Amino acid sequence: MARENFQISRMHVGLAAVWRLTWRVLRMSAMRAWLVGLSVAACSALGMYVMTAPPDTANEAVRAWRISLGLSAVAALAGIIGAMIGSISARRTRFALAKSLGATGGTIFRSIMLESACIGLAGFAAGAAAGLAARCAQGLIEWSAGMGSFSGRIILADLPTCLAWLAGLSMALVLAGAFVPAISAARLTVVQAAGQED
Amino acid sequence: MTQPQAILFSSQPATVQPAVLAADLTRIFGSPPSVVHALNHLNLSVPAGKFICVVGPSGSGKTTLLNLVAGLDRPTGGTVMIDQADLAIFDDDHLARLRRTKIGYVQQAARLANRETARRNVMLPLLLGGADEESARRRADEALARVGLTDLADRKPPELSGGQVQLLAVARAIVIAPSILLLDEPTSNLDLDSSLQMALLIDEIRSQAGLTVLCATHDARLMELADSIAWLKDGSLERFADRRSVNIRSDSVSTR
Ligand SMILES: Nc1ncnc2c1ncn2[C@@H]1O[C@H](COP(=O)(O)OP(=O)(O)O)[C@@H](O)[C@H]1O
Ligand SMILES: [Mg+2]
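Taken in order, these protein sequences are the chains called A and B.
Counted the way the working numbering counts, the first sequence spans residues 57 to 254.
Counted the way the working numbering counts, the second sequence spans residues 30 to 285.
Calculated directly from the structure, the hints in this document are not laboratory data.
Check each hint, because a few of them may be wrong.
Stated by the list, open to error - One-sided excerpt, in silico: chain B residues whose CB lies under 8 angstroms from chain A:
(1) S60
(2) S63
(3) D122
(4) R129
(5) Y134
(6) A142
(7) R149
(8) L153
(9) L156
(10) G159
Model, not experiment: these values are computed from the prediction.
Cβ atoms here follow ideal geometry from the backbone N, Cα and C, with glycine treated the same way.
All chains should be modelled from the sequences, with the hints used to inform the complete structure.
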């Protein structure tokens with residue numbers, strides 16, 4: 057009989073409401089957001105630069121770039137995890153506020169993942185643009201040095217695949233980096249999160 | 030456990046069911062070498078629609094009790110029942126839902142979103158409950174009007190006085206139209222004028238039919254509003270009495 061009194065509808069908090077909560081109340085500090093965004097942007101820029109390289113680029117150079125892309129992805133992941141762990145502990149009282157007002161663990165989890173995805177998207181876009189710009193600059197230099205036509209120095213044939221690939225990598229990085237910290241934030245109880253009060 | 034019979038054989042309506050029931054409630058903080066028994070086998074029954082003041086010295090367990098009733102914390106032992114439902118059977122999400130539909134809680138240190146306007150702060154529990162922007166705004170404005178903060182709706186908490194912040198916390202607690210209102214020392218940090226205003230407001234709110242109020246306080250003005258007073262000492266119920274049978278002025282001094 058106890059349950060009957062509690063037929064509180066399993067209301068789903070819509071994405072718009074989660075976004076509002078994220079942006080207005082839970083938002084991570086700008087410094088940490090930059091750290092996460094720049095980590096992603098660095099990988100995205102490097103990836104873009106490598107993938108638009110002309111076919112006559114030396115194999116060793118391509119291999120070196122690929123290795124550094126892999127390393128930078130690992131470094132970015134470590135940086136993102138570190139920034140997320142720090143940002144979750146800095147935001148404990150705000151999670152406590154949201155929870156004491158009736159935010160569920162799921163709401164907080166989604167809020168953090170949404171926030172990370174947005175930062176990741178911004179980092180991906182900025183990085184891809186920067187990588188392309190670097191490749192164009194190099195193409196211009198090579199063209200003026202008489203190393204062939206400008207369009208021959210930048211391979212854009214695979215641009216859509218390349219963008220999709222980098223977007224996927226960026227999302228994978230931020231979401232993987234945010235996942236465990238987001239779960240720990242979702243599981244915080246209000247009393248833990250608020251610390252001791254008198 | 031004789032209640033069902035009592036209902037069967039009684040021509041009168043059953044006695045008012047407790048809205049909040051704490052049975053053998055224990056909450057221990059810390060681990061073995063240094064444990065604190067914040068609540069120690071506490072028993073307390075709050076009938077629906079009543080206003081109970083919880084008094085007791087600092088550290089006697091008032092806040093711990095309110096946190097457990099609000100489902101913000103889990104007991105070490107014993108049970109909390111809200112409307113005859115044992116909170117132990119609820120998972121955390123269910124408790125969260127309970128907080129945004131049934132229980133308004135004004136915490137001891139008003140926790141507000143400082144980057145949000147007063148109106149947004151009041152809208153927050155509604156938005157978390159899935160309300161749309163429009164109706165949330167309308168209900169928030171009603172709640173702000175009720176506490177007298179209409180003119181300050183667009184200010185942010187850091188731009189408000191201590192008394193106004195506390196009123197805002199009350200507006201946020203009542204905006205969901207809770208059936209249980211928990212107040213943790215709502216006047217303790219206020220100057221005389223603000224605490225008078227707060228007492229008047231609480232008196233106005235409690236007149237709402239069916240609202241159960243559990244209020245931790247040291248303030249004699251709030252105790253005078255109560256139906257009953259519960260004294261806590263070292264985490265246990267020391268005394269529970271009808272307000273009319275206590276001399277509040279002297280008692281409140283003696284329990285301080
Ligand atoms: N999160 C906590 N961790 C450890 N001890 C706590 C915690 N919360 C409360 N206590 C202890 O429990 C006791 C009761 O605290 P509290 O309920 O806040 O009392 P009151 O509200 O009556 O002043 C105090 O001794 C306090 O130090
Ligand atoms: Mg207290």
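**Request:** Identify whether the interface hint at B:R149 stands, where standing means a beta carbon of chain A within less than 8 angstroms of its own.
**Result:** holds, 7 angstroms
**Asked** Against chain A, is B:L153 within 8 angstroms by beta-carbon distance?
**Response** This interface hint holds because 6 angstroms falls under the 8 angstroms limit.
**Restraint check, 8 angstroms cut-off on beta carbons, for B:D122 near chain A** = Holds, about 4 angstroms.
**Asked** When the nearest CB of chain A is found for B:R129, is that gap smaller than 8 angstroms?
**Response** Given a least distance of 3 angstroms, the restraint on B:R129 holds.
**Request:** Would you check whether B:G159 satisfies its interface hint, that is, whether its CB is within less than 8 angstroms of any CB in chain A?
**Result:** With Cβ-Cβ at 4 angstroms, under 8 angstroms, it holds.
**Request:** May I ask you to test the interface hint for B:S63 with respect to chain A, counting a Cβ-Cβ separation under 8 angstroms as satisfied?
**Result:** violated, 13 angstroms
**Prompt:** For the hint on B:S60, does the least C-beta distance to chain A fall short of 8 angstroms?
**Reply:** Not OK, violated: B:S60 not within 8 angstroms of chain A, min 14 angstroms.
**Message:** Is the interface hint satisfied for B:Y134? The criterion is a beta-carbon contact with chain A at less than 8 angstroms.
**Reply:** holds, 7 angstroms
**Message:** Restraint: B:A142 near chain A, CB-CB cut 8 angstroms. Satisfied or not?
**Reply:** holds, 5 angstroms
**chain A contact restraint for B:L156 - C-beta distance below 8 angstroms** = holds, 5 angstroms
In this structure, the earlier hints numbered 1 and 2 are contradicted, and the remaining ones agree with it.
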